[in-house]
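Chemist: Listed below, chain by chain, are the residues.
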Amino acid sequence: MSEQKPSEDSSNKYFLTLLSVGILVVFLVLVGGIYWWVSQKSKGQVVFPAGINYTGNETPAPSQQPQRPQYDYEKMAGSANWADFTSSKEQYTFQYAPEMIPLIFPGDANDAVTFDVSEIPAQFNLMVLVETISNYDPKMTGKQEEFVRNYWKFFGGLKALDSIETYETENGLRGWKAKYITQNDIVGSENYFFTITGKPDKIIHVNNIFPTEGQAVFTRLLNSLDYKK
Amino acid sequence: MLKKTTILFYLTLGIIVATISIFHVIIAYAKSPNGTIYLGTGHYYLDYYYYLTYIAQGLRGYFLPRQYLATDDPSIYYHLTPYILLGQLGRVFKLSPIAVYWISVFILLVMMTVIIFFIIRKLLDKKPFFVQLGAFLITSLMVPFYPYDFWASYSTFIKRFEMVPHHLIAHILLLLILLASADYLKKIEKRKLKEAIRVSLSIGFVLGLVLSFYPFQAVLFFASVELSSFFYLLKFIWQRKWKIVFNLLFFLTVLAGMVFISAILVRQVYFQTIFFQSTKGVEVGWREIIPLKTFLLSFGPGLVFSLIGLFWVKRLLNSLWVSFFSLAIVSFGLFYSNLDVLLGTHNGRFLTPVTHLILGSLAALGMYGIATFLKRLRMAAFLILLIIFIATSLPQNIRAFKERLNDKNLASPISYLPKGIIEGFKFLGKQRRSGNVLMTPSQFLGTVIPVFVDRKTYVARHSATPNYIEKNIRTSNFYLGAMSNEQALDFLKKNGLKFVVLTSIEGYDVKPLYIYPFLKEIYKNRDIVIFELIESA
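These protein sequences, in sequence, are chains W and V. So the first sequence is numbered by the numbering used here: it starts at 1 and just counts up by one. So the second sequence is numbered by the numbering used here: it starts at 1 and just counts up by one.
Please keep in mind that the hints were generated in silico from the structure rather than gathered at the bench. Hints should not be assumed to be uniformly reliable.
What the hints assert, rightly or not - Simulated DEER-style distance windows between Cβ atoms:
no.	chain 1	residue 1	chain 2	residue 2	range
1	W	Thr93	V	Ala380	52 to 62 Å
2	W	Leu158	V	Thr392	58 to 68 Å
3	V	Lys235	W	Leu19	41 to 51 Å
4	W	Thr219	V	Arg60	51 to 61 Å
5	W	Val29	V	Lys3	22 to 32 Å
6	V	Val269	W	Thr182	54 to 64 Å
7	W	Gln215	V	Asn409	55 to 65 Å
8	W	Ala83	V	Lys408	28 to 38 Å
9	W	Thr93	V	Ala180	48 to 58 Å
Unchecked claim - 30 Å max Cα-Cα, derived BS3-like pairs, lysine-lysine:
no.	chain 1	residue 1	chain 2	residue 2
10	W	Lys89	V	Lys293
11	W	Lys139	V	Lys471
12	W	Lys199	V	Lys419
13	V	Lys159	W	Lys89
14	W	Lys143	V	Lys471
15	W	Lys89	V	Lys126
16	V	Lys31	W	Lys41
17	W	Lys228	V	Lys402
18	W	Lys89	V	Lys408
19	V	Lys494	W	Lys153
20	V	Lys408	V	Lys375
21	W	Lys159	V	Lys494
22	W	Lys89	V	Lys524
23	V	Lys471	W	Lys159
24	W	Lys199	V	Lys159
25	V	Lys126	W	Lys13
26	V	Lys159	W	Lys41
27	V	Lys293	W	Lys199
28	V	Lys3	W	Lys13
29	W	Lys228	V	Lys419
30	V	Lys524	W	Lys179
31	W	Lys153	V	Lys126
32	V	Lys31	W	Lys228
33	W	Lys41	V	Lys3
34	V	Lys494	W	Lys139
Claimed, not checked - A few chain V residues that face chain W, going by a derived Cβ cut-off under 8 Å, partial list only:
no.	residue
35	Ile26
36	Val284
37	Gly285
The beta-carbon is built from N, C-alpha and C at its ideal position, and this holds for glycine as well.
Kindly generate the complete structure, drawing on both the sequences and the hints.
Modeler: Shown next, in the form of structure tokens:
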């Protein structure tokens, strides 16, 4: 095969210069045109997940607090049309009654979800989250039970472990059910922790946030929980 | 020396590649809703604001990157020094942090494109210009066989040219390292020992530099330089040229020694930081062993032409080809190794967009080889093959671009902020009283405020703020008024918090802040309220 070296005689030089400048000008005009067209035709709208609150008045009129939805838990627990939920990062799934709206948190590192079913604001009352053990204590990576036993130590509002027992869901997820004592000597609701096969640094944490009348809904939801294998 | 005409052509290519790469930012800017300011989130927004923080520090004249996303972490994050330097450069031109970021990305992309085309021309030195240009287009535009792709791949144009300044700086330096080592190996038979010392020290120094801010890619390029040198070592052992063997052994040893020392230093200053400790769990979690079939098919038709190109590469084979072949071997090998687990990262860190350069060059060689069968029509045949290749790659490249335009990690809830918020931030930036600033964790604005204000923030983001969850809850309790006045004051004082900020987009009620007797409102507009801790409190 005979090959020729790239020739750069004067005509080629002229052609290459013209080509370069021509392409660049056309390209930049095109980009400028698209910018102008988009800026004229499709101004975006911003939707802030937390909504807009007026901060400019030091004595604002008392705002109407949104009412928490009222649920018919008995009906929901027996309903046949439960929907599938997949977490934002697709780390876990479960089923839930479609009357409830799963609340997720954009960009949340723990891939959390919750429902507005309690007096506590939803953002402080997460139901399911994927905890990274090393974020709490790297030495506990792979020691999930030790992590569950010591979980209270990471939160100033808790002061001790009340009880712990092994637990398995109907779906075959294995882990522990634990209760913790708050600084006010109140025993909190049940916390369920499930190990994830092949991920020693991760643990699925489920907090029972449902009121007494919603326990059947919670149990059904818990039993449908699964993680991405 | 390159001629002016060639430089102009190189720059044209560079400007086109850079403009297309940041086109989603241009579109997002054009879409700015009225009354808002676009913050240029063209990369994952929380990381992007994190980098902006350090550019802003450079713009303020700092030389050491200080942790601003926590009040209780006095660490110096040396691995972010490139951003400080970019800020220092921007200071000369009085630019904003956002402008510094995107101008840097643009210039670095132009530089990287120019270097890539320069290397392709060296690899295909004996081929006509249109083949070299074809190789560049294949390198840039090759796509996978649909749907064989995976998260960490560099499978499409938009994924291949990253928009992270320290990644681009590293890639440029590492490409120069490969060029330098290939050049050293090219004339190895004439090299003296002092050249081995000079080259190994220079390459070792640059590798050490890259190790300090982009360690895993530096490991990859170090291994590929060692491997390509090792091939030459075996050759000269076979030929019993002991003097060259000694020179090469010396070169390899000095280089390895320098990298080893740098790695120990880096381990001390980088791996010990809270940022690394808190993100390595996340990083390791991204480890994904891809089936070999998916991995290979992710290189698409370009890989098929590359394999055909192997038939013709023998005549061109030189130290540069050996260096890039070594890079591809090491990259693919480490991707399937367990080294990532050992280093506390994920295996995708060992992939590099630079491997597309060798595949693109080989593919062009393959296409030209096929076209040569048509003798006098070979140029036309090559161009037809190339046009078909590019045309078939366009749908996937366009789809990838559209995905980027709609990516929720880029067009985030805080990509556009009401102007009033930015005005408030700027007001706070001008306050002389020192002290940290408190914002709610609701919208991650704690990651944004250090870009505009030279102050530490109490709670910002999970991977950069130690004990994030606890701080998140405590801050929320403060804003909700769930603390007693004494507890709230104690909370502010213990953390050196002198300013409390609330914006209109965070969903918190402003009333509890007015109830605290130790807070004084110093600024407000319809989008932001800023309080100062009364000095006598």
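Chemist: Any hints from earlier that this structure breaks? Give me their numbers in increasing order, please.
Modeler: 6, 7, 8, 12, 15, 20, 22, 29, 30, 31, 32, 33
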